[in-house]
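In the order they appear, the protein sequences are chains A and B. Just so we're aligned, residue 45 is where the first sequence starts under the numbering used here, counting upward by one. Just so we're aligned, residue 45 is where the second sequence starts under the numbering used here, counting upward by one.
One thing to keep in mind: the hints can contain errors.
Identical copies carry no separate label here, and so any pair may be met within one copy or between two of them.
In silico EDC-like pairs for lysine to aspartate or glutamate, Cα to Cα no more than 20 Å straight-line [what the hints assert, rightly or not]:
no., residue 1, residue 2
1, K449, E354
2, K372, E71
3, K413, E287
4, K122, E287
5, K498, D229
6, K322, D379
7, K322, E63
8, K388, E355
9, K234, E489
Source of the hints: derived by calculation from the structure; they are not laboratory data. It should be emphasised that the depicted structure is a prediction, and the values quoted were computed from it without experimental measurement.
Residues per chain, in single letters:
Number of protein chains: 2
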Amino acid sequence: MSVQTAPAPTPATASATPEALLESLRELLGERLSTSAAVREQHGKDVSFHEGFPPDAVAFAHSTEEVQAIVRLCASHKTPIVPFGTGTSLEGHIAALKGGVCIDLSQMNSVLQVNDEDLDCRVQAGVTRKQLNEYLRETGLFFPIDPGADASLGGMAATRASGTNAVRYGTMRENVLGLTVVLADGRVIKTGGRARKSAAGYDLTRLFVGSEGTLGVITEIQLRLYGIPEAMSAAVCSFDTLEGAVNTVILTIQTGVPVARIELIDEVQMDAINRYSKFDYPVKPTLFFEFHGTEASVREQSETVAALAEELGGSNFVWSTLPEERSKLWQARHDGYWAAKALKPGAGGWATDVCVPISRLAECILETKKDIQASNLLAPIVGHVGDGNFHLTYLIDPDDPDELKRASAANDRMVMRAIGMGGTCTGEHGIGYGKIGFLQAEHGEAVSVMRTIKQALDPDGLMNPGKVLPA
Amino acid sequence: MSVQTAPAPTPATASATPEALLESLRELLGERLSTSAAVREQHGKDVSFHEGFPPDAVAFAHSTEEVQAIVRLCASHKTPIVPFGTGTSLEGHIAALKGGVCIDLSQMNSVLQVNDEDLDCRVQAGVTRKQLNEYLRETGLFFPIDPGADASLGGMAATRASGTNAVRYGTMRENVLGLTVVLADGRVIKTGGRARKSAAGYDLTRLFVGSEGTLGVITEIQLRLYGIPEAMSAAVCSFDTLEGAVNTVILTIQTGVPVARIELIDEVQMDAINRYSKFDYPVKPTLFFEFHGTEASVREQSETVAALAEELGGSNFVWSTLPEERSKLWQARHDGYWAAKALKPGAGGWATDVCVPISRLAECILETKKDIQASNLLAPIVGHVGDGNFHLTYLIDPDDPDELKRASAANDRMVMRAIGMGGTCTGEHGIGYGKIGFLQAEHGEAVSVMRTIKQALDPDGLMNPGKVLPA
Numbered sequence: 045m046s047v048q049t050a051p052a053p054t055p056a057t058a059s060a061t062p063e064a065l066l067e068s069l070r071e072l073l074g075e076r077l078s079t080s081a082a083v084r085e086q087h088g089k090d091v092s093f094h095e096g097f098p099p100d101a102v103a104f105a106h107s108t109e110e111v112q113a114i115v116r117l118c119a120s121h122k123t124p125i126v127p128f129g130t131g132t133s134l135e136g137h138i139a140a141l142k143g144g145v146c147i148d149l150s151q152m153n154s155v156l157q158v159n160d161e162d163l164d165c166r167v168q169a170g171v172t173r174k175q176l177n178e179y180l181r182e183t184g185l186f187f188p189i190d191p192g193a194d195a196s197l198g199g200m201a202a203t204r205a206s207g208t209n210a211v212r213y214g215t216m217r218e219n220v221l222g223l224t225v226v227l228a229d230g231r232v233i234k235t236g237g238r239a240r241k242s243a244a245g246y247d248l249t250r251l252f253v254g255s256e257g258t259l260g261v262i263t264e265i266q267l268r269l270y271g272i273p274e275a276m277s278a279a280v281c282s283f284d285t286l287e288g289a290v291n292t293v294i295l296t297i298q299t300g301v302p303v304a305r306i307e308l309i310d311e312v313q314m315d316a317i318n319r320y321s322k323f324d325y326p327v328k329p330t331l332f333f334e335f336h337g338t339e340a341s342v343r344e345q346s347e348t349v350a351a352l353a354e355e356l357g358g359s360n361f362v363w364s365t366l367p368e369e370r371s372k373l374w375q376a377r378h379d380g381y382w383a384a385k386a387l388k389p390g391a392g393g394w395a396t397d398v399c400v401p402i403s404r405l406a407e408c409i410l411e412t413k414k415d416i417q418a419s420n421l422l423a424p425i426v427g428h429v430g431d432g433n434f435h436l437t438y439l440i441d442p443d444d445p446d447e448l449k450r451a452s453a454a455n456d457r458m459v460m461r462a463i464g465m466g467g468t469c470t471g472e473h474g475i476g477y478g479k480i481g482f483l484q485a486e487h488g489e490a491v492s493v494m495r496t497i498k499q500a501l502d503p504d505g506l507m508n509p510g511k512v513l514p515a
Numbered sequence: 045m046s047v048q049t050a051p052a053p054t055p056a057t058a059s060a061t062p063e064a065l066l067e068s069l070r071e072l073l074g075e076r077l078s079t080s081a082a083v084r085e086q087h088g089k090d091v092s093f094h095e096g097f098p099p100d101a102v103a104f105a106h107s108t109e110e111v112q113a114i115v116r117l118c119a120s121h122k123t124p125i126v127p128f129g130t131g132t133s134l135e136g137h138i139a140a141l142k143g144g145v146c147i148d149l150s151q152m153n154s155v156l157q158v159n160d161e162d163l164d165c166r167v168q169a170g171v172t173r174k175q176l177n178e179y180l181r182e183t184g185l186f187f188p189i190d191p192g193a194d195a196s197l198g199g200m201a202a203t204r205a206s207g208t209n210a211v212r213y214g215t216m217r218e219n220v221l222g223l224t225v226v227l228a229d230g231r232v233i234k235t236g237g238r239a240r241k242s243a244a245g246y247d248l249t250r251l252f253v254g255s256e257g258t259l260g261v262i263t264e265i266q267l268r269l270y271g272i273p274e275a276m277s278a279a280v281c282s283f284d285t286l287e288g289a290v291n292t293v294i295l296t297i298q299t300g301v302p303v304a305r306i307e308l309i310d311e312v313q314m315d316a317i318n319r320y321s322k323f324d325y326p327v328k329p330t331l332f333f334e335f336h337g338t339e340a341s342v343r344e345q346s347e348t349v350a351a352l353a354e355e356l357g358g359s360n361f362v363w364s365t366l367p368e369e370r371s372k373l374w375q376a377r378h379d380g381y382w383a384a385k386a387l388k389p390g391a392g393g394w395a396t397d398v399c400v401p402i403s404r405l406a407e408c409i410l411e412t413k414k415d416i417q418a419s420n421l422l423a424p425i426v427g428h429v430g431d432g433n434f435h436l437t438y439l440i441d442p443d444d445p446d447e448l449k450r451a452s453a454a455n456d457r458m459v460m461r462a463i464g465m466g467g468t469c470t471g472e473h474g475i476g477y478g479k480i481g482f483l484q485a486e487h488g489e490a491v492s493v494m495r496t497i498k499q500a501l502d503p504d505g506l507m508n509p510g511k512v513l514p515a
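Working from the sequences, and respecting the hints, build out all of it.
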């Protein structure tokens, strides 16, 4: 099976957005409709290596009602619609492949409601995760999903984002209680509710979470919140072998240690982090841990994992509850991308993303590393290993087209390897247009059901066309 | 708004299943096609008070391929299909309202795969939860979702079941990783996969979980498993007021105590349990707790909650890690229905089900209790209060039609009260045909999207007709 990482998208045509539509949008939004080249460019290109495709216009919405009005106008002209949060997606999600109107939701940034007792809140789609946590600071509550970037919560819901905390707190799938969505025909629906659980009808919330704007525009989100743990500790441990590290993770989870984060850093990435963040950890496969709980429970978790790690060849297990040490460690982890890029000055960074059953993780990573070496590529690895999810950062010389070609081929092989192991072509970045060639390989006949649903809810194919479902 | 708890369903017609279809099914299944009155009766009536409607025939399937063949034959004759697991549903889910063929999956009872390291397994739809846990006994793993009845895992997935453990382990929504489903046209799809998380395409798994057989027949389920905790403790605590009990629950969850179970028993139900299970707890609102973890963590959790409860007026907080005391307590809780029925010999028991944001729980229960009293009804209450979910058991004299009428009216009011508080008409029992009148009140315009999906995936309306979506 031949799969292309980034199939050539149909180029946008200038005619996708008729002047009459722009006129109506200008009437509705005034200066909040922009057709300037700079604004359009910025809205068509995410932070990935994928080619950008600017929309014909960008509409800055302030309310669900405005989004509804914009969608209705676009629908009446059969003009494509691309929702936009912060532009931090990684698979070309916001590229206006067929032109049309980008709806920028970043100005819909109100926290609408916080319910302390129920541990939930309602936000507009443009609120970012950091903004929400800032807002919550006085309440003793927090929202744990942390994909790295300060993404909008609407975008995170739309792409089913997760990150380092997912092993304990789940992903957006588990943490969205309900949504307000504007459909392709302009109808507004509310899905889910505030009850913690419900058996009332089809789970539309989960259908829209991860639908990447192809079924509707998410304008509000009801989210689960959590109490900030009384105590947190962080720990670092080095291993001679990748298997030792992965087996420690497996045993930790089997034992039921409610670990909040377990991150794997391979020796290449560890070297990069040492240089960039001025650490001197051994240049070996390394695990970063975080434990949440009471003082006593955090101590017990740390000690349990230390014992497990030692049994499996881990050395130098060091843990600390000091906030500054924790911060330094996680800052270094979050800077991993920049640390990797510093290994090869001038290189572009391409972050890949697969997820496999954890029993296959060591094998999947080791085969991938062999392939990277054979392809003469540099690609440090980090992984949210509690979930079996890992990322390579390919460091690509922009002046060497063959390097990108080799990386692309190696990525195809890695994705097919992950799917062959019962895993997925994307653990958390989504399909966008970058992974669209793999959906069929992963889901087979089920893709036809996705297509049926898309067709039923968006018969004219106006919602973020060219994303998720292969043409 | 006038809502009927159980709208009169269209009666089945004998002509729904043509003789030619029965002939073909007999050829396929031999003696595993039954048209005997006893078998048909047993398959059309669940364990609720809802009227039963027998199917025209019952097909006992042994494989996904057989289910596919049966569905194709039924589809070619435009004959309705009703999937059946153990018949323990509570809202008339299995009633063959339009006649047709019941597909009994109980003989598809193989555990197909257990992956210790990945904490997951794959089962056929007819495996029951007790059977699975029996099978897992040697592995140190367990499947936590416990709706009380020994339901089939296919049925539990189809109805998005949960139960006492959901506050810690989630519901079927969180614990199904993937499904095999036979669609209305006989196509077989696999949804989800074995990766812990994925951002690849629409979440069809969650769409089928809770769809009650109206979108397809679930034949296999990939499930999350958990390590059996090193230690467990159970605790009981009485309160003078319901508010005290509920506030203890709220504070427990806010504090981040990872409680495994918190059950509320009102004074009426407590009296019933004392009598039935020979306890002598105070006849007051009471909480039953269960804590899972290490020895130390279970001790710490118990002591933390004891302190919180005392602060909020709880008395006699008693906890124990002795297995026999734990078993006795939870046996009593599980026998709650029989204990309630014993309060009024000869009465039928009707279990209701709503779920609200926990901040509204005390108010919702207290208003409901007032209404019960004003309606001169007897209805003990139990609740999975960590989730805001509670059940009344109306004790109905079968010879007094007015009593059922009053209970039905009070139930309508309770459901609308719960919806008005941002809650749901059903926390875990599902819609079936019993709650079908409330879906619109809860979900509004979103119901039209559910209908669009139903229409797209089952254009002839053959899959469990008359359930979930109002006609």
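| query | Which of the numbered hints above does this structure break? | reply | Result: hints 1, 2, 4, 7 and 8 break, sorted rising.
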